[in-house]
Amino acid sequence: MKFLSKQLTHLPRVEGHGKIYVEIDRESKRVLRVNLGIVEGSRFFEVFLKGRNIIEVPQIASRICGLCGVSHAVCSAIALENALGLDIPESVRRLREVIMALNTIESHLIHVGVLSFPDYFNVKTFLELPELVRNSVIKLIKLRTLVGKLLELLTGDRIHPRNIVPGGFTYLPSRNKVLPYLDELSKYIDVLYNLFEVLRERIKLPSMERVGHYAALFTGNDYPLHTGSLIVDSKFLIPHKDFKNYFIESVVQYSTAKRSLLFGKESYMVGALARLNTNYLYLAKPAKELLNELGLNLPSLNPYLIPIAQAIEIVHFLDYIIRELKELELTGMKVCPTIGQVRRGIGVGIVEAPRGILYHMYEIDGDGKVRYADIVTPTAQNFADIEESIKYLLPKLLRSNLLVPDNLKYEIEKLVRCYDPCISCSVHVIFMK
Amino acid sequence: MSKLKIMQYSLTCCEGCAVNLINALASMLQILDKVEIVTSRILGLPKLREADVAFVDGSVITKEDEEVVKIIRRKSKVVVALGSCASIGGINALKELFSHEEAIRDVYGVLPNIPHLKDVKTLDDVIDVDYILPGCPPTTNEISRFLMDMVLGKTFRLPDKPICYECKIRGIKCLLEEGILCLGPIIRAGCEAKCPAYRVPCWGCKGLTDDVNLEAFLESLERNDIPIKELKEKIPIFLTKSRIKLTSG
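Going down the list, the protein sequences come from chains A and B.
Note that the first sequence covers residues -6 to 426 in the working numbering.
Note that the second sequence covers residues 280 to 528 in the working numbering.
FYI, nobody ran anything at the bench for these hints, they're computed from the structure.
One should not assume that every hint holds.
[Stated by the list, open to error] Distance ranges between label pairs, derived from CB positions:
hint, chain 1, residue 1, chain 2, residue 2, range
1, A, 121, B, 281, 14 to 22 Å
2, A, 256, B, 381, 46 to 54 Å
3, A, 275, B, 431, 50 to 58 Å
4, B, 282, A, 84, 46 to 54 Å
5, A, 170, B, 282, 51 to 59 Å
6, B, 448, A, 384, 55 to 63 Å
7, A, 388, B, 309, 45 to 53 Å
8, B, 342, A, 285, 47 to 55 Å
[Claimed, not checked] Only pairs whose alpha carbons sit at most 25 Å apart, straight line, appear in this in silico SDA-like list of lysine to any residue:
hint, chain 1, residue 1, chain 2, residue 2
9, B, 452, A, 169
10, A, 12, B, 310
11, A, 135, B, 395
12, B, 452, A, 43
13, A, 43, B, 324
14, B, 326, A, 115
Even glycine gets a Cβ: it sits at the ideal position worked out from N, Cα and C.
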């Protein structure tokens, strides 16, 4: 056999169904092909969103993902508000940011604790972790339950939020129901800080200094999740409406998910590490301290640092949420928003979902119904970058005698898992005119 | 007592039901030593093993989905269709309102190399199902109650009351009486009326009650000046595959 072909199906500890196909020339050890294919069926959200009333869209869009439903709901609400030319109050904007931050923490906690810790210790599931680490993971799970309950209180459900609509919220709980959570949450900042400190001693991160691009939202004064401009490599600003002209999508035969390339040519990274590269100056104090302690050299495109970037973000957003909710007056928003005059229009929304840049675009008609919908998810944008990382890693693995097929498979899986891919989201990604 | 072996498998879906199953387990630390998760790809256990209870969420959309659920049936004593997609069609079935070819052309422009079925199938379109647990997603409380019944060897029963019952006992103001179309009177309870509690009308993710009094429901719409046209638009969100057909009006 001249080629070593290996197909890894149904990646464990990844959300959704993916497979990787690798082809290597045995003699020259040259990597001939790396394909990350998605075998999950399409659900056609862009098709059946057509004709729906705009008030229903955020709730339907949230059903794209069971891990980041909040991001899809908020992103679609923003896109629709832009299409309508609807201004929203500052208080609504601030509460949306808090809700996005809660969802980010919830999603990161499951990835950092349950899905990626086992890889640092070479075990299959978090249940097999050494006792000390397993106890830490249980603390993370407890924090996640608490964050989930607060998210449920603020939005009606922790998986698919109910009260997010264009213009604001249909309902909000009273402030005295929210406040008890804040004391509980603040206890966890020290717990997390110590936990990540301890883990640093035990985790040896492989270096991987590849060159490439990254994209994130940027305001220049905070660490944004749903405001600001889109910026590439912390240098080039891209207007929201031109998103599809810069990040060009294509269909590949081996996957049900589309993929995006910068200028249609180069891969780029989105997500926690891209955000940290872009906005680390604006981290809250405890998160900045953790970053300094960990001694990360930024900017970096080393995918093994993604779970670490997520850990830093957990500390940052926890601090942020507590500060914001202490200040925010919820009662003023407790009204069903009125959309007012509906008009024809096109609107774009771009937010930072837990896994990175999420794009929603809608065209609406004069009756307030969707005529056209287009969604680009973070994982679809990361696919090409994941393939590039595997191509970079493979020759090194081959040289280091790791070519026992099982080891090769495991190392590749580990690398892919670092990206925290969310495959359910990415499978229904594109719309072609 | 031997441990209850649990399988979790996600077909084509958002996996929110799987996340809520894990949330339910995380909140029931008292029964954790009575259960053993034998299969769950997301938790790092991808191999399909023999199980006492298999929770399957999502829709059967690809040929592979169809093959897998047949294997799951063979390997499991009890199969549960978890969530709206697996049990009643749910959001995924909205695609049925469009032609398969139109949908593919719209999304991809070209046909990718994927063995898609033409129809969106629920679990019981393909295999025998022992329990359904509808909801988008089912609440952690309801999943916990189900798990507890399984651990105790009891038969689980879905409530056969409508959502209105949940609203009444929780003191939630009726949206229908404000002229807002809400499917509460014809939809199965069990969700704690999460939507009406946040002033969002019921879209029917739990499916219809066993005995739907459609006539009385239509009357109440008329009484509250809600045009039946609106009902026709709302019904498909979760109930594309349900037995209700609105032919009149």
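Evaluation of the provided hints:
1. A/121 - B/281: 14 to 22 Å: The hint (14 to 22 Å, Cβ to Cβ) holds, given that residue 121 of chain A and residue 281 of chain B are roughly 21 Å apart.
2. A/256 - B/381: 46 to 54 Å: Violated - the Cβ-Cβ distance for residue 256 of chain A and residue 381 of chain B, about 31 Å, lies outside 46 to 54 Å.
3. A/275 - B/431: 50 to 58 Å: With a Cβ separation near 52 Å, residue 275 of chain A and residue 431 of chain B satisfy 50 to 58 Å, so the hint holds.
4. B/282 - A/84: 46 to 54 Å: holds (50 Å)
5. A/170 - B/282: 51 to 59 Å: violated (38 Å)
6. B/448 - A/384: 55 to 63 Å: holds (59 Å)
7. A/388 - B/309: 45 to 53 Å: Holds: the Cβ-Cβ distance is about 51 Å, inside 45 to 53 Å.
8. B/342 - A/285: 47 to 55 Å: holds (53 Å)
9. B/452 - A/169: holds (21 Å)
10. A/12 - B/310: Judged against 25 Å, a Cα distance of about 35 Å means the pair is violated.
11. A/135 - B/395: Violated: residue 135 of chain A and residue 395 of chain B sit about 40 Å apart, past 25 Å.
12. B/452 - A/43: This hinted pair is violated, its Cα atoms lying about 31 Å apart.
13. A/43 - B/324: Violated - the C-alpha atoms of residue 324 of chain B and residue 43 of chain A are around 38 Å apart, more than 25 Å.
14. B/326 - A/115: Since the Cα atoms of residue 326 of chain B and residue 115 of chain A sit roughly 18 Å apart, the hinted pair holds (cutoff 25 Å).
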